[in-house]
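Chemist: Here's the letter readout for the chains.
Protein chains: 2
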Amino acid sequence: MKKIRLFTPGPVMVPEDVMLHMAQPIEHHRTSFYRDMLADVTDHLKYLFQTDHADPMVITGSGTAAGEAAIVSSVHAGKNKVLNFNNGKFGERWGKVCKAFGLACVDQEVEWGTGVDPAVVEKMMNADPKIDTVICVHSETSTATLSDIAAIGKITQARNALLIVDCITSCGCLPMKFDEWGVDIAFTGSQKALMLPPGLGLCCVAPKAWRRIDEAECPAFYNDLKAYRKAVRTWDNPYTPANTLVLGLQKVLHGVKQRGLENIWKETRMLADATRAAATAIGMKVYSKSPSDSVTAMLVPDGVDEAALRKTMRSAYGMQIAGGQGDLKGKVVRIGHMGYIDIGDTLAAIGALELTLKGLGHKFELGAGLRAAQEVFAKAL
Amino acid sequence: MKKIRLFTPGPVMVPEDVMLHMAQPIEHHRTSFYRDMLADVTDHLKYLFQTDHADPMVITGSGTAAGEAAIVSSVHAGKNKVLNFNNGKFGERWGKVCKAFGLACVDQEVEWGTGVDPAVVEKMMNADPKIDTVICVHSETSTATLSDIAAIGKITQARNALLIVDCITSCGCLPMKFDEWGVDIAFTGSQKALMLPPGLGLCCVAPKAWRRIDEAECPAFYNDLKAYRKAVRTWDNPYTPANTLVLGLQKVLHGVKQRGLENIWKETRMLADATRAAATAIGMKVYSKSPSDSVTAMLVPDGVDEAALRKTMRSAYGMQIAGGQGDLKGKVVRIGHMGYIDIGDTLAAIGALELTLKGLGHKFELGAGLRAAQEVFAKAL
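As they're listed, the protein sequences go chains P and R. Here the first sequence stands for residues 1357 to 1737, where the numbers follow my numbering. Here the second sequence stands for residues 1357 to 1737, where the numbers follow my numbering.
Source of the hints: derived by calculation from the structure; they are not laboratory data.
Intra- or inter-copy, both count: the list cannot distinguish identical chains.
With a Cα cut of at most 30 angstroms, we get these calculated DSSO-like pairs of lysine-lysine:
hint, residue 1, residue 2
1, Lys1445, Lys1582
2, Lys1452, Lys1435
3, Lys1586, Lys1685
4, Lys1735, Lys1622
5, Lys1586, Lys1667
6, Lys1667, Lys1607
7, Lys1452, Lys1586
8, Lys1452, Lys1582
9, Lys1582, Lys1687
Work out the full structure: start from the sequences and follow the hints.
Modeler: Now the structure itself:
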């Protein structure tokens, strides 16, 4: 017997009770049932994003749809200028979105595996006063790297610039404080910390961002946030929503509230700490210089074939881990800590990783990773 | 006890076994499991669209996302000119998409409740040779009205123009023959004839449309069909797909193949015929002059309050029917025949409609609608 376990940094495993909850007879979205649900979801999303004054909205689409909505609604061609940081595949993607829509954008490359340096943000904004919008990925999934949004928020706030944050693999598992940090638009997806199937994008928009959005027409239709704002006022959606996923979202958000975000942040950090300790103990270097707690990227040891490693993890142990993306293809493997993953799952993944590496000829003491992880758990609990 | 039954023209009821199938442990989309599934789904989608040579693609989003993708990928600003027909809320929407993206578009109003007249298409194209793209809704959901795509396809083919068809409430329940009719791009959604929850848009693109698409850059990112074409070549998606819905899609498409599209078309027509006969028998006029078989719009009798009618249908009998949209608000109710609806459901809806109308003071012979429907069934079976 092999259970399939996803340690990919999205989609992640979905709790069985959430799956069955979503399997109940479908409801129409223009009913009091759905309107009550959307009102409750919106209220809970404010807690998730840690905001009192911003508006969370649900978009049917991948996280990329939510990111496009954030950017094209608030950055106006011929009026605004973006500073975007490319320190991984997703930072790179937001630069591509700006380009596709013909938006003025300084696409700043940052060494992959390092966070965005707030001092660089400050310097670049000082050098080019036309920059009035900063796009930054909070937790860059491709390199498992965290950037300091709190520090960047201070810089954008001081200049009255807009701060758009991709918190796709941070919101709901790492501290992400929309109001306190001065974020203007944040977006995430359903298949990460929210442990739902993919298909929902979530956008949270502050009043300052709405003022910017209202300054010009949006060059897109489906991803125009104004249509979502108008609809949500009557607990509606502008286009037919993925309502079974919204039903699941409600259930998950109730669970998040009950567990408490701070507890979830601590737990995620503990799982990441344990995995990093295990990696070091078995001679695998953590790739990122500023590691995120939602996913860990580990350099594959010399002499070990990365594809064989992932293949064996899946075929022998049912464990789906992720490889590298872009330039990191073949060089790293990634193991996630978001969502429906606990201590048991994490020990299972580390144990299988050790067995796989042993089979592929890597030299280390079998069990050293598991013991290092246990020590982290023993100290934390 | 009241079972909730959806007769809304999307979302429709989802078969229980499909719901439970989608509730199985989630798989990652970059696995052989998912790639095999997407290859099989793509193959079956060709049957659904009735095409040998075109490429079906799956987009995570509402049907509107798929429509936007079809339009903005193939109509280039400053190069092409669209003739769009507004004979209902959805025809109106595609005109708005053209406008949002700054595309040249003749937005032709047609009396709501009537189909698009092929003679008008021909006349308008003759009068303006710059028109090289026609957008037409096959089954206009808001007015329950069918247009003759086969005839319009002959006109666009003769002029080498592109024909983009919204077949959101036709594909999979009414005859829709992509190749035979000369359609160049067609799109639909998951929550109609495919009887899945909302969240997937499906686009089918012919080689002629690909050539047009390749003539210029797309002004959007998420809804750029070129990204989907590139990804599907390796059975991948450009952005994380709503993979539980794709799993459901596979199951539904296997069922469609097994039942046979022609049989499904006949069944849908029978349910629509029965509902129209029932409406006439109880003094409710069918609204459309060219009725679609996927949904029936009926004029609410004088003296009956439309909101009270729908409310009672729901509160007393658990039946969710749809009201009118736009100018038809308060004037019509709509009952769907797509997807997971059978003779029993249709009789149940007609019976409840009679009881509701009786309670609201409408004068007719109780049971006359049910008998008229039975007569249609008796003749058809």
